[in-house]
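Number of protein chains: 2
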Amino acid sequence: MGKDDDRRAEILASAADLFAAKGVASTTVREIGDAAGILSGSLYHHFTSKDAMVEEIVREYLRDLRARYEVAVASHSDPLEQLRALIRASFESLRDQPAACEIYQNDYRYLRAVPGLSDLDKIVAGFQATWIDVIQAGIDTGVFRAELDPTIVYRFLRDAIWPTVRWYRTGRKYRIDDIAEKCIGLFTYGIAAPAATRA
Amino acid sequence: MGKDDDRRAEILASAADLFAAKGVASTTVREIGDAAGILSGSLYHHFTSKDAMVEEIVREYLRDLRARYEVAVASHSDPLEQLRALIRASFESLRDQPAACEIYQNDYRYLRAVPGLSDLDKIVAGFQATWIDVIQAGIDTGVFRAELDPTIVYRFLRDAIWPTVRWYRTGRKYRIDDIAEKCIGLFTYGIAAPAATRA
DNA sequence: GTCTATAACCGGATAGAC
DNA sequence: GTCTATCCGGTTATAGAC
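Going down the list, the protein sequences come from chains F and Y.
Under the numbering used here, think of the first position of the first sequence as 1, with each following residue one higher.
Under the numbering used here, think of the first position of the second sequence as 1001, with each following residue one higher.
If you're looking for bench data, these hints aren't it; they were derived computationally from the structure.
Keep in mind that a hint or two might mislead.
What the hints assert, rightly or not - The calculated lysine-lysine pairs, modelled on DSS-like cross-linking and capped at a C-alpha distance of 25 angstroms, are:
#1 Y:1122 - F:22
#2 Y:1122 - Y:1173
#3 Y:1022 - F:22
#4 Y:1050 - F:122
#5 F:182 - F:122
#6 Y:1022 - F:182
#7 F:122 - Y:1173
#8 Y:1050 - F:173
#9 Y:1050 - Y:1022
#10 F:22 - F:50
#11 F:50 - Y:1022
#12 F:22 - Y:1050
What the hints assert, rightly or not - The calculated label-pair distances, taken between Cβ atoms and stated as ranges, are:
#13 Y:1034 - F:119: 25 to 33 angstroms
#14 F:30 - Y:1132: 58 to 66 angstroms
#15 F:75 - Y:1059: 44 to 52 angstroms
#16 Y:1064 - F:147: 31 to 39 angstroms
#17 Y:1059 - F:67: 43 to 51 angstroms
This one's a predicted model, so the numbers in the text were calculated from it and none came from an experiment.
Where is the CB? At the ideal position from N, CA and C, for every residue including glycine.
Please put together the full structure from these sequences, using the hints given.
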């Protein structure tokens, strides 16, 4: 049984790489078969459909991300530290599961239309609530600036962080930890030099 | 002649809406025909192919954005004001041409593969250079914090701004000018309340 | 568990009548 | 300038042999 599961996992992993590189819709079952060393028809012995493969990849990814977020929030009481932990957790997720993350980023519209992922919007709303609660707590306790709009801040943070998966590559100029800290620094203190703008 | 051009422009505008809403690859020529009130075959009297339509939409959009950026940079000498003008110009572009902008955001991979858009990467590199030059000037003149990495700052800014086109809708809770100013405030000063973190 | 062969469908694009 | 009719290629998925 372990052997079969391994084979399944191998096929799924190489399929995820293809989905990430070319987009889900543009990846054919023939290509998935080629990458796994079998013919497309044989895929249907392991999976019921191409969309079922996509669903399995994305579900596992979301489950993992949810777990990381829960640890991040539970590990701190200060909202600023919680927010920083959420940012770090996001970058670590994107480092550890780049293929699934890229699928999630690039093909959200496709995923929403997959029958088995009809609860996707609900899951994503849960992530959003986690971030916004932390931001709101920061404002309420005076750690964050009072003028901030939590929803808008969340959206800018989210959209700044996740596309990193498209340009970050392991072993290149930046390590993911460095990028995470630069992101934290930028969003915590802003661009402007204090003396020049806060007079 | 004017009549023909109008008809062309109408078809192109409704096609752009479809491309933006469903994605370019998922939009069929039959749907484009339906939206224009003609059959798919008749489209080929006005355009040589579906990709030719896409190319025309995107080229016009990029030309307009380039012009806005040039005005933004030329109108100021202080790097902080130049950066703010670039941010405002981006949001105004996204407000005035939401369909083309969304295509550009969502279907970049598709666009890169369109033969007629083989210079796309080069054009985009020009945009990037404009932003990075301004950020570097801000650091050099001491207006921006010295620790900043211009390339990274550019990427976070770019990725925070453009996805706005996906959730912003005219006449809703926020006007685009408000969103632009909130973006400027967030990236200029950061999240942290000064007293709490700068001690 | 994989292969062969093929069904059933849908996409972009074309030719020629009107 | 639009319609009718159709071609051709590529897609997912299935049936049954091995």
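Evaluated hints:
For the hint linking residue 1122 (chain Y) to residue 22 (chain F), the alpha-carbon distance of about 21 angstroms falls within 25 angstroms, and the restraint holds. A distance of roughly 37 angstroms separates the Cα atoms of residue 1122 (chain Y) and residue 1173 (chain Y); the hinted pair therefore is violated under the 25 angstroms criterion. Proximity of residue 1022 (chain Y) to residue 22 (chain F) is assessed by CA-CA distance (about 18 angstroms); at most 25 angstroms being required, the pair is judged to hold. Restraint check for residue 1050 (chain Y) and residue 122 (chain F): not satisfied, since their Cα atoms lie roughly 35 angstroms apart, outside the 25 angstroms limit.
Of the pairs offered as hints, the one joining residue 182 (chain F) and residue 122 (chain F) is violated, with about 31 angstroms between alpha carbons and a cut-off of 25 angstroms exceeded. Only pairs whose Cα atoms come within 25 angstroms are accepted, and residue 1022 (chain Y) paired with residue 182 (chain F) is rejected, the gap being roughly 35 angstroms. Pair hint residue 122 (chain F) plus residue 1173 (chain Y) holds up; C-alpha atoms about 22 angstroms apart against a cutoff of 25 angstroms. With a C-alpha separation of about 39 angstroms, the suggested pairing of residue 1050 (chain Y) with residue 173 (chain F) is violated against the 25 angstroms cut-off.
For the given pair, residue 1050 (chain Y) sits about 15 angstroms from residue 1022 (chain Y) by alpha-carbon distance, which is consistent with the 25 angstroms threshold. For the hint linking residue 22 (chain F) to residue 50 (chain F), the alpha-carbon distance of about 15 angstroms falls within 25 angstroms, and the restraint holds. As the CA atoms of residue 50 (chain F) and residue 1022 (chain Y) are separated by approximately 20 angstroms, the hinted pair is consistent with the 25 angstroms bound. Taking the CA atoms of residue 22 (chain F) and residue 1050 (chain Y), the gap is about 20 angstroms. The hint holds against a cut of 25 angstroms.
Evaluation of the 25 to 33 angstroms hint for residue 1034 (chain Y) and residue 119 (chain F) yields a pass: the beta carbon distance comes to about 32 angstroms. For the pair residue 30 (chain F) and residue 1132 (chain Y), the beta carbons lie near 42 angstroms from each other, so the given range of 58 to 66 angstroms is not met. Between residue 75 (chain F) and residue 1059 (chain Y), the C-beta spacing of about 50 angstroms keeps the proposed range 44 to 52 angstroms intact. Restraint check, residue 1064 (chain Y) to residue 147 (chain F): a C-beta distance of roughly 32 angstroms satisfies the suggested window 31 to 39 angstroms.
The supplied range of 43 to 51 angstroms is met by residue 1059 (chain Y) and residue 67 (chain F), whose beta-carbon atoms lie about 45 angstroms from each other.
Hint check: violations occur at hints 2, 4, 5, 6, 8, 14; the rest are consistent with the structure.
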